[in-house]
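Colleague: In case you want the letters, here they are:
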Amino acid sequence: MSLTRNDVEGIAHLARLEITEPELPVYVASLSKILAFVEQLNAADTAAVEPMAHPLEGETQRLRPDAVTERDQHEKYQANAAEVAAGLYVVPKVIE
Amino acid sequence: MTLHTRSVAELAAGLAAKQFSAVELAQHYLARIEAGNPALNAFVTISAERALADARRADAARAAGRAGPLTGVPLAHKDIFCTDGIRTTCGSKMLDTFVAPYDATVAERLQVAGTVLLGKTNMDEFAMGSSNETSYYGAVKNPWNLRKVPGGSSGGSAAAVAARLAPVATGTDTGGSIRQPAALVGISGLKPTYGRVSRYGMVAFASSLDQAGILAPSAEDCAILLGAIAGFDPRDSTSVDRPVPDYLAELRAPLKGVRLGLLKEFLEGGLEAATGALVQAAIAELQSLGATLVDVSCPSLPLSVPAYYVVAPAECSSNLSRFDGIRFGHRCKQPRDLLDLYRRSRGEGFGAEVKRRIMTGTYVLSAGYYDAYYLKAQKVRSLISAEFKQAFTRADVLVGPTAPTPAFDIGAKVDDPITMYLNDIYTIGANLAGLPAMSVPCGFVDDLPVGLQLVGPHFGESRILAAAHAYQLATDFHRRLPASCA
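Going down the list, the sequences are from chains A and B.
Everything in the first sequence is counted per the working numbering, starting at 1445 for the first residue and increasing by one.
Everything in the second sequence is counted per the working numbering, starting at 2 for the first residue and increasing by one.
In case anyone wonders, no lab produced these hints; they're calculated from the structure.
There could be a bad hint or two in this list.
Straight-line C-alpha distance at most 30 Å; calculated DSBU-like pairs for lysine-lysine [stated by the list, open to error]:
id	chain 1	residue 1	chain 2	residue 2
1	B	LYS149	B	LYS94
2	B	LYS265	B	LYS414
3	B	LYS334	A	LYS1520
4	B	LYS265	A	LYS1477
5	B	LYS380	A	LYS1477
6	A	LYS1537	B	LYS94
7	B	LYS380	B	LYS265
8	A	LYS1477	B	LYS414
9	B	LYS149	A	LYS1477
10	B	LYS94	A	LYS1477
11	B	LYS257	B	LYS390
12	A	LYS1537	B	LYS334
13	B	LYS94	A	LYS1520
Please construct the entire structure, taking both the sequences and the accompanying hints into account.
Modeller: Dropping the structure here:
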């Protein structure tokens, strides 16, 4: 599998990553190599195999009762944000 | 006997016998960190004030007759575990100023047990790497040879314990990130069964593979620490609700009659001859101690690396989408609009390897490719898991090398991701199948340590710890220290 510059730009957009001009050819080459490497998987006959959803047989994702377990610590949590006003996270204008 | 050459068990005994106080012990290790860390770069953050406060509390608890087995024992956390009030960087510019508002369960349990936090250790960025060269804070050096890597991603924890800047450290293992660095620096490293240790507050990389564990001077020390961190946690939905055995008591189970399984595939895959010879000698030693040897095979194991490099990047691309530049983490200057904020904050905050994995994952999960890559890899994972299960009908413990070679030169593999990924060829299988596994030192090639890997069935930590302990009672590789640290 060989990727083009366009492919990598498309993937970077989906992943919301800015990739600079000098980085682009490096990612085109290394991502192509990685995809070629993982194509070895096609050698395995998996026609009758179920995909593995959990490493432990019989275990499933546990659910908890839908009850409040946390106390309000929004000031402590928001101390890590770049911009906060009136207890809200501030972002650039979204709707014109 | 100097303090830092003692194991955790010996330090705990010394504290209990009041040969030294927790404050004296903390001061001893803080002085060692101050002297030794500039050359190794093993620590991102040194928490001296916190360590001394923890130590004073430990001494007070002992004076009041409330000391437990770990009260006053110093340790370091891989900087992937959230610590309330002390920054948690995950080796990334993205989290350079992040101070977690809560403790990871692992950190909390160890604090409740009375341990003393020396600091947070360097690591590959977001635990993505096998050499500790992808850290935003620079490469960690191997204490046995400063031109060599310490392995990764728990490279800082590994180097810190190997150089005895800390008596023990926590780590995480998604594809070998505890075992491979433990092997490359000559210490013991344990990755428990998936779900055995809570991952609450441990920055997520690949959620179907990640597990927390221990890097320590000996298997006995791994057993002591595992007992303190293992167990059910309602705050982690993958945590398994099963009783925690007395790992220390079960350590003494005899090797006689234990069936060791030598996986044929563990002797292939680029295994260097001198490393292979030491592993074979270690297996012979285990046999001389009473174990029997059976040949087993896991024919799909060579596909573990390609399967991993679909599953892990896919899960990482999803997990790391939380870093949006808004709620926490790096934010770019003067964003034009929301899209620009996302793209530049993430483009600037993440390093090259993390971006490569996010993009690999985004691609394999994208419309039209999901079945061909992700679903296919999950099916191969089922095959590998079933083959391991089959192997465990004939063997109690699987044995083999931890890594194909001893530590390599810093810079040697940074330009070729595939060569770097193949370092984990013997370790990834246990993560894909969710099995407990550990590495213990089994000799030296050109003055560089080599690790023996032991893999157990689900929740078989006691078995591999007991085999490793029996081996360490008969050998002294785990007691050897780099010349500069003795």
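Colleague: Give a verdict on every hint.
Modeller: Each hint tested on the structure:
With a CA separation close to 24 Å, the supplied pair B:LYS149 and B:LYS94 stays within the 30 Å bound. Pair hint B:LYS265 plus B:LYS414 holds up; C-alpha atoms about 27 Å apart against a cutoff of 30 Å. A hinted pair counts as satisfied when its Cα atoms are at most 30 Å apart, and B:LYS334 with A:LYS1520 qualifies at roughly 23 Å. The straight-line distance between the Cα atoms of B:LYS265 and A:LYS1477 is roughly 28 Å, inside the 30 Å bound, and the hint therefore holds.
The straight-line distance between the Cα atoms of B:LYS380 and A:LYS1477 is roughly 22 Å, inside the 30 Å bound, and the hint therefore holds. Restraint check for A:LYS1537 and B:LYS94: the C-alpha separation of about 26 Å stays at or below 30 Å, so the hint holds. Between B:LYS380 and B:LYS265, the direct Cα distance comes to roughly 22 Å. Compliance with the 30 Å bound is thereby established for this hinted pair. A threshold of 30 Å between alpha carbons decides the hint, and for A:LYS1477 with B:LYS414 the separation of about 15 Å falls inside it, so the pair holds.
Between B:LYS149 and A:LYS1477 the alpha-carbon distance is near 26 Å, which keeps this suggested pair within the 30 Å criterion. With a C-alpha separation of about 27 Å, the suggested pair B:LYS94 and A:LYS1477 falls inside the 30 Å cut-off, and the hint holds. As the CA atoms of B:LYS257 and B:LYS390 are separated by approximately 23 Å, the hinted pair is consistent with the 30 Å bound. A C-alpha spacing of about 15 Å is found between A:LYS1537 and B:LYS334, which places the hinted pair at or below 30 Å, so the restraint holds.
Restraint check: the Cα-Cα separation between B:LYS94 and A:LYS1520 comes to about 21 Å, which is no more than 30 Å; the hinted pair holds.
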